[in-house]
Amino acid sequence: MKANPTQAQTLVILANSCKHNGRCLAGKRLTNGHVGGWVRPVSAQPTGALTLTDQTLTDGTTPALLDLVKVPLRHPAPCDFQSENHLIHPQRDWTRVGRLNAAGLSHLVDPDATLWINGFSSFRGCNDRVPQNRLADLDHSLILIGPVSVALHVASGQLRARFIHQDVTYDLAVTDPDLKAACAGRPDGVAASHPDSFVCVSLAYCPDELHDAESKP
1 MKANPTQAQT
11 LVILANSCKH
21 NGRCLAGKRL
31 TNGHVGGWVR
41 PVSAQPTGAL
51 TLTDQTLTDG
61 TTPALLDLVK
71 VPLRHPAPCD
81 FQSENHLIHP
91 QRDWTRVGRL
101 NAAGLSHLVD
111 PDATLWINGF
121 SSFRGCNDRV
131 PQNRLADLDH
141 SLILIGPVSV
151 ALHVASGQLR
161 ARFIHQDVTY
171 DLAVTDPDLK
181 AACAGRPDGV
191 AASHPDSFVC
201 VSLAYCPDEL
211 HDAESKP
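So that you can map any letter, position 24 of the sequence shown is 24 in our numbering, and since no number is skipped, the others follow by simple counting.
Be aware that one or more of the hints could be misleading.
Think about it this way: if two alpha-carbon atoms lie no more than 30 Å apart in a straight line, the pair counts; the simulated BS3-like pairs of lysine-lysine are [as the list claims (entries may be wrong)]:
1. LYS19 x LYS70
2. LYS180 x LYS70
3. LYS70 x LYS28
Because the hints were derived from the structure by calculation, they are not lab data.
Input sequences plus hints: build the corresponding full structure.
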C-alpha cells in the first residue's frame, strides 16, 4: 500500500474553538509572505475534532490566535459544505514559526463576504442557521469579516455575539474557549462590547435539519 504523502503548511491561526469535547482549528495559508485560502485541519475521528494532543506544539503549548503554525497535513478532506477540511498527520509535530501582528488582520478579511443564507434563526439567535435543503448551494464554511462592533451577551446561559455586517444583523453562538471562560457564570444580559473587531465565522454541523453559524471574535 502506498503511504499517504504529508505536506506541512504554514497557517495563520484565526479560530481555535470548542467542538464535540475537542477543538476546531482554522486558518489561512501563508506561503512566502502571500496569504492563501482557508484550511481547517481535521482528525480521522467521525466529528473531525482535534484533541489537545493532536495540536500540541513542539514547545509544549497549543496554537493561539494569530500564531503562524506549520501543520502537517495528509490531503484535502472536504465534507459537504466544509470544503476547507484537510486531514492531519497525527504522528508529525506542529511547529510555531512566528506570529502575525494584529494590524495585519485587515489584509486577511474576505472581501465582500456575505454570511451564507439569511432569514433562518434559532430561538436565541438571528440569522444563525441554514436549512438542510439549502446546503447544496454552499461551497465554503469559513469567513473572516471586520472591523465590526461586537456585543457579547449571555442568553439562557449561552455566550453569543451580536453584530451588523453588510446592513444585516447577526446573533451567533460564541465557541472561542477563552471568551467563554472569561464570561462564564455571568447572568443573562450584555457581557462586553468590542468595537472594531474582526470575527471568524464558521458554518458547523447541527444534529437537526438546520445548521449553525458560529462566531469567534
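Take the C-alpha atoms of LYS19 and LYS70, compute the straight-line distance between them, and say whether it is at most 30 Å.
-> Holds. LYS19 to LYS70 sits at ~22 Å (cutoff 30 Å).
Has the given pair, LYS180 with LYS70, been kept, meaning a C-alpha gap of at most 30 Å?
-> holds, 27 Å
Straight-line alpha-carbon gap LYS70 to LYS28, limit 30 Å | Since the Cα atoms of LYS70 and LYS28 sit roughly 11 Å apart, the hinted pair holds (cutoff 30 Å).
In terms of the numbered hints stated before, the structure departs from none.
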